[in-house]
Amino acid sequence: MSIQLDDPMASSATTWLDRPDAAPRVPALLTERRGGAAERFVAWRARHALRAQRARDFYAGSRNPERGLPVAANRSVIDFLSRLMATRRRVFVGLVVANIAAAVAGLVVPRLLGDLVNRAASGVSRGDLAGSLNAIALAVGGVVLVQTVLTFAARWMSAVFGQDLLAEAREYIVRTVLRLPLSRVEQASSGDLVTRVTRDVSTMSGAVRWALPQLVIASTLTVLTLAAMIFNAWLLAIPSLLSLVVLFFSVRHYLASAPMGYITEGGTYSTINSTLTETVEGARTLESLGLQELRLAQTEGDIAVSAQAERYTMSLRNLMFLVMDFAYNGPLVLILLLGGWGYAKGWVSLGQITAATIYTQQLVEPMDRLVQTLDRLQVGMASTTRLLGIADVPADRTEGDARPHGTDVVGRDLRFAYREGHDVLHGVDLVLRPGERLAIVGPSGSGKSTLSRLISGINRPRTGLVSVGGVDVMDLPLDLLRTEVALVTQEHHVFVGSIRDNIVLARENTATDDEVRQALAAVDALDWVQRLPAGLDTLIGSGNQALTPAQAQQVALARLVIADPHTLVLDEATSLIDPRTARHLEGAMATLLTGRTVVAIAHRLHTAHDADRIAVVVDGRIAELGSHDELMVRDGEYAALWRAWTS
Amino acid sequence: MFPPSVGAFRSRTRSSAILTGDPDTRTPTRFLLWLLRDQSRILAINAGVGLLWFLPGTVGPFFMGKAIDRGILQHDMGATLTWAALLFAAITVGVFAGIGMHTAAVSGWLVALYKTMLLVARKVAQMGHVLPRRTPTGEILSVASSDSDTFGALTEVVARAVAAACAFLVVAAIVVSASPLLGLVTLVAAPLLVGAASPLLRPLQRAQAVERTRSSELTGRATDIVAGLRILRGIGGERTFGDNYAAQSRRTREAGVRAGVWQAGVDAVGTLLSGLLLVVLTWLGTREMLAGRLSLGQLVSFFGYAVFMVWPIQTIFELAQKWIQALVAAGKTLAVLGQQPPWSSVEHPEPLPADAEIVDEASGFRARPGELTVIVSAVPDESAAIADRLGRYLATAVEPMSSDVGDELSGRAARRVRQERARRRAERARADEALAARPWGVTIGGIDVSRFDLSELRSRVLVSDTSSLVFAGTLQRLLDPHGRRTRAQAEQAIRVANAEDVYDALPGGWQGVLDERGRGLSGGQRQRLVLARAVLSDPEVLVLVEPTSAVDAHTEVRIAERLAAHRRGRTTIVTTVSPLVLHHADTVVLIRDGVAVARGRHHDLLASNDDYRAVVARGMDPVPPPGHRLDATSRRPDGDDEPVPLDEPLLVAPYGPVPMADRVRDDHWEVSE
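Top to bottom, those sequences are chains A and B.
Taking this note's numbering, the leading residue of the first sequence gets 1, the next gets one more, and so forth.
Taking this note's numbering, the leading residue of the second sequence gets 1, the next gets one more, and so forth.
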C-alpha cells in the first residue's frame, strides 16, 4: 500500500462544527407578526424587500451553475425565432390578417348598436325606428356570423402556426443534444440535461404554442379596439388610453421582478421534491437509522422557505392587481364624467357613450390576456435561452482526414487534470499489443478510469496523445472512432424503439438485418428475439416489451458486435454480480472479446490474474507492468494484494 | 395561514381510531370534505371577500345605467357625479376585495398543497420500509407533487363558486326587477352560453387527452435519449433515435392541431352566442325602450350584465370539473395515506439483552456476541434475506401495487382495475399484519424479536442494506445526522470506510455539500459513505449487506482490516463472498438454498469444503474472460472511480429505470386569482 504523505483530512478540525444547523432557514424577520396597522405595514415593506433580495440571490446563483451546461444570451432567442419565422412567413401573415379581420368584425357591432341608440334617443318616429331596428338587428346578426367564421379561421391558423413552430423548435433542440461533444456527455450533469429537455421544453411549448399566437390575437384586439374607440369618439377614448399607460408601467415593474420570484419559487419546489424523493426512496434508511423526525423537520423547513417565496410572488401579484383592476374598470367612471360633460356641450352623442362603454368592457379581456401572455413569454424566453445554450458547448475534437493504418494503440506522456493544477495522471506511457488482454488495477483515485477515458478518445489529454494506427484519436471523426476503439461501461440502457434500432447504433446506415441477426446469434440472443411476436421489429424500452437484465445485457453486447472495434476498453466497474446472469453471459462475452485487444479496469483480482498483462496504477503512474507471474516474482504491490486475496 | 402545521400519523403502530390531526381516509369524498373543513375559516373569508370582489360586476352596470338616465340624459352634472362616484366606490371596494381574495385564495391553495405534502412525508416516516412495498414510490411522490396541487385548486374554486352563486342571485334580482322580460332573457341566456359549448367540449377534451398522451410520450423519448446519451454518443445511433423523436414530434403536432381546431370551434361558438345575445338584448331592449318600459340607462346596464353573467356560471361549471378531478386525486392519495403500519404495539416489551447470541430459526444461522460473523452464499439475495430477517424487516423485493392504470383505460374499466389493485393492496396489508403479529423467528438471547419494542430494536440492531441512501446535505450531517458524535469519532469512521479521498475531494470538508442521493459521487464513494455512517452510528449489533461490493481490491483490503479492528468485541454480521473480508471473520457461515450448511473459520472451510471453495475462490479457478462483469443487476451500485466531477445519470443506475413521472416534476406552480 502506498503511504499517504499529506493527510487528506487535514481540514477536519477547522470544518467540523460542534453545533451544526444553528442558523434558522428562514430569518425571524420574515415570520414575526405584531403591532398596529402602520407598524405592520412598515414591517411588511421590510419583509418584502428581504424576500426580493432572497429571490435575487437565488436567481443569481441559478444563473451560474457550477458545472451545468451553458445558457445562451437573450439575443440568440430572437435570432432563433426569426430564423424559424422566416420559413413560415405566409402562415404568419395569414394568421395576422385573419385575426385583424375577426377583430374588426367584432368592433363593428358596438358601433351599430350605438347608431341604434342614437336614433332611438333622437326622436325618430316610432314607425321608422321599428323598421330600421329590424334591419339593423339583422345586419348586426350578419356581422356576428362573419365574426364567428373569422374567429374560427384565426384560431385554427394560430394552432397550426404554433404547433408547427413548436415541433421544429423541439426537434432542433433534440438534434443539438445528439450532437453534444462526447467529453461533455461523459462529464456534465445529466440531471441538468434532463431538466432542459423536459421542463424547459414544456415551458417553451407553453410560450410558443399558446403565448405567441395569443400575443398576436391580444395585441391586435387591443390596438384595434383602441382605434375603434378613437374613431367612435376621441374624447371618450382618453380614459382607456390613460389606463393603458398606467398598465404599461405597472406591468413593466412586475415583469422586472416576477421572473426572479417565480424561478426562486420553482427552486423551492424542486427542493421540497428532492427532499421528499429522498425520504420516500430512503424510507428504509430513515427507519433503520431513526432519521424520521429529522427528515420531517427538513421538509417542514423546505416548506417554510417555499412559503416565503410564495409570499413574495403573492405580494408582487397583489401590487399589480391593484393597478390592473383600477386600469380595467376605472375608465368607465371617467367615460361617464367625460360623456356627461361632452353630451351637455353637444360634443358626443348618447350612441357614442353607449359604444364607448361597451368597447371599454371589451378591452378588458385582451388587455388581461396581453399581460398574462407577456408573463408566459418571459418565462418561455428564459427556458429557451437554456435550451439554446446546449448548442453553445464547444466541440472537443478536430476531425482530420488522416485514417488509421493498423490497429496498434499507443499512449505517450499522458497527463490529465479535471481541476487546473491537479494532474490525475503524471505522464503515463502505454503501448497495447494487438490482441492482448491488459488488466488495470489500482486503488480508488489512482487514475485508472481516467486512463481508460483517454485511451478510448473521450477526453483529450493535457499533454501527450493517444494514437490508433498512427492517428491521434482526437482527430478521428466519432463514427470512425467507434469502429476502432470502444469504451464499454456497465450501462446497458435499452432505448425505446425496435430491437433493430437498439442494435444497429454504430452502423445505423449500413447494418443489414442479416448482420443484426448474426450479432444476436453471437451473443446467444437470437432464439428469444425470434420468439418475440414481431421479431426484430418488436418494440422494447420503457413502456414496451420488457427485457430481463440478462437480455438487456445481451442487447448491449450485440451493439458492440455490430460496431466491431478492434480494441475494447471495459470499465469493469464492479457490480453485485448475479452469478446466474454472469454465467449465462460468459459465452457471449468470450465471443465478443475473441480476436480483440482488451483493456479491463479490474476490481476483482481473478480478472487480473487471467489477463495477459497487468498494469498497477498508483497515484497517476504505472507502478508495475507485467504478467501475473512476473509481478508475483517482482513481489511488489500486486503480489501483496494477491496474497491477501488468496490467503 | 400558510405554511400549516401538521401533526398527523404520530403512532408507529396500527390503530383503528382517527387521532386529532389525522385526515379522514375512509373514502375520497370524506377526505376532500375533511380537507375543506380543515380550512373552513380561510374558505369563509375567501367567499366573503369574493362577494365584494364581484361588486363592480353586480352593481356597476346598475350605477352606470342610473348615471346615464339621471345624469347625462337630464344634463344633470351633479347626478352624473354622484352615480359616477358610487361606481368608483364600487370599483375601489372591488379592487381591494380582489387583493383580499387573491391573498385568501393563495393561502387556501397553499395550505392544502403543503398540508398534503406534509401528510405524505409523515406517512412515509410512519410506515418506513413497509410503504414502498404497497405503493410504488413514483405514485407516493406524485401525490405530494401533483395531487396536492389539485386539492389546492379545489379549495380556491370552492370559495369562488360560493361568491359567484351569491353574485348571480344579486344580479338576478336587479335585472328581473328592472325588466322582467330582459331579466329572464339574461338569466336563461347565461347558462345557455356556457352550456352551448359543452357538445364541443367533449371532443375537445378527447383531442386534448390524445395530445397530452403523445406529448408525454415525446417527453419520454427525449428523456430516453438523454438517459442513453453516453451510448448514443459513444457507440452511435444518433440518427435513428433523432428520427424516432422527430416522428413522434410530428404525431404530437398533428394531435395538437386537431385539439386546436376543436378549441377554435369552442371559441367561435362562444363568439357567436355572446354576439347573438347582444343582438337579441338590443333588439328586445330597444323595443321595450320604444314602448316606454325601459330607459336608455337600463338598456346600457343590461349590456353590462350580459357580459358579467357568464362568469358566475362558468365558475360553477369549473367547480363541478375540479371536484371530479379532486376525487380522482383523492383516490390516489388514499392509496398512500390510507395505509396503516402492520406492527401492533407490544403490551409488555421485554428488555433487549446486551451481548446475546442472535439466531435465525429459518436458516439456522447463528451469530455469537462480540464476533465478526460473515454470511456467504452463492446467491446474494439469500444472504440479504437473512440480514433483513435479523433486523425485522419485511421482504423488500416485492412489486408494489400501482393505482395508475394508464391512459388506455377509462371510465368503468379503469375503475374496475383500480378497485382490483386496491383489493390486492389491502390483501398484502393484511398479510403483513398477520406476519407482524406472529413470532418473527429470530431470537436475541433466546427471546423472539417480536417481544421487543420495535424502535428499541431499530436503535440497537442496525441493518445497512444495499439500498441505503446517501442524503443530500453536508458531509457532517450525513455521517452524524443526530449530532451525537465527536469529530474524532467521525474521522475514525471515515478512516474505517477508507473514505478519506471522498472527504478530500469535497470542497469545504465536513461542511461540503453532497447532491441528492449522492449524485456526482461514484458508486464506490457512495458505498463507503454509507459504511462510514453505519460505523459512526455505532450500534450494538451491526449488519452490513455487501458493504464492499463496489470498491476495488486495494480499498477492500483496507476496509476489511480497519472494520474488523474497529468493531472488535461488538457483534458484527457481514454478507459477502470476498476473501479479502472473509480473511478477518471470526466465523463464516455458508448458506445454500436458504439454509446454513457449514460453519467455521475461512481457512478451514477453504481447505475442507468444496462448496465453499466454489463460491468464494472463483479467482483461483480457471477464470471467465475479463469482461464477464459487464453485467449488472438492478441492485448494483456503480463502479468505484477517482473523485472526478463525474455525474452519473441516475436515470439508468443504480436503482433501475425510474418512471418518467418521477423525473418530470412541474415545479412552476402558479396560483391563478
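Treat the hints as calculated values from the structure; they're not laboratory data.
We put the CB at the ideal spot given by N, CA and C, even for glycine.
It is possible that part of the hints are untrue.
[To be verified] One side of the interface only, derived from the structure: several residues of chain A facing chain B at Cβ under 7 angstroms:
{"no.": "1", "residue": "Thr-15"}
{"no.": "2", "residue": "Leu-50"}
{"no.": "3", "residue": "Ser-62"}
{"no.": "4", "residue": "Leu-178"}
{"no.": "5", "residue": "Ser-183"}
{"no.": "6", "residue": "Leu-276"}
{"no.": "7", "residue": "Gly-301"}
Hints versus structure:
1. Hint on Thr-15(A) holds. Least Cβ distance to chain B is approximately 3 angstroms, under the 7 angstroms limit.
2. Checking Leu-50(A) against chain B: minimum C-beta separation of about 18 angstroms lies over 7 angstroms; hint violated.
3. Checking Ser-62(A) against chain B by beta carbon gives a least distance of about 13 angstroms; that is not within 7 angstroms, so the hint is violated.
4. With its C-beta approaching chain B no nearer than about 4 angstroms, Leu-178(A) sits inside the 7 angstroms limit, and its interface hint holds.
5. Residue-level restraint check for Ser-183(A) is violated (minimum Cβ-Cβ distance to chain B is 10 angstroms; threshold 7 angstroms).
6. Residue-level restraint check for Leu-276(A) holds (minimum Cβ-Cβ distance to chain B is 5 angstroms; threshold 7 angstroms).
7. Among the interface hints, the one on Gly-301(A) is violated; its C-beta lies about 10 angstroms from the nearest C-beta in chain B, farther than the 7 angstroms criterion.
Hint compliance for this structure: hints 2, 3, 5, 7 are broken, all remaining hints hold.
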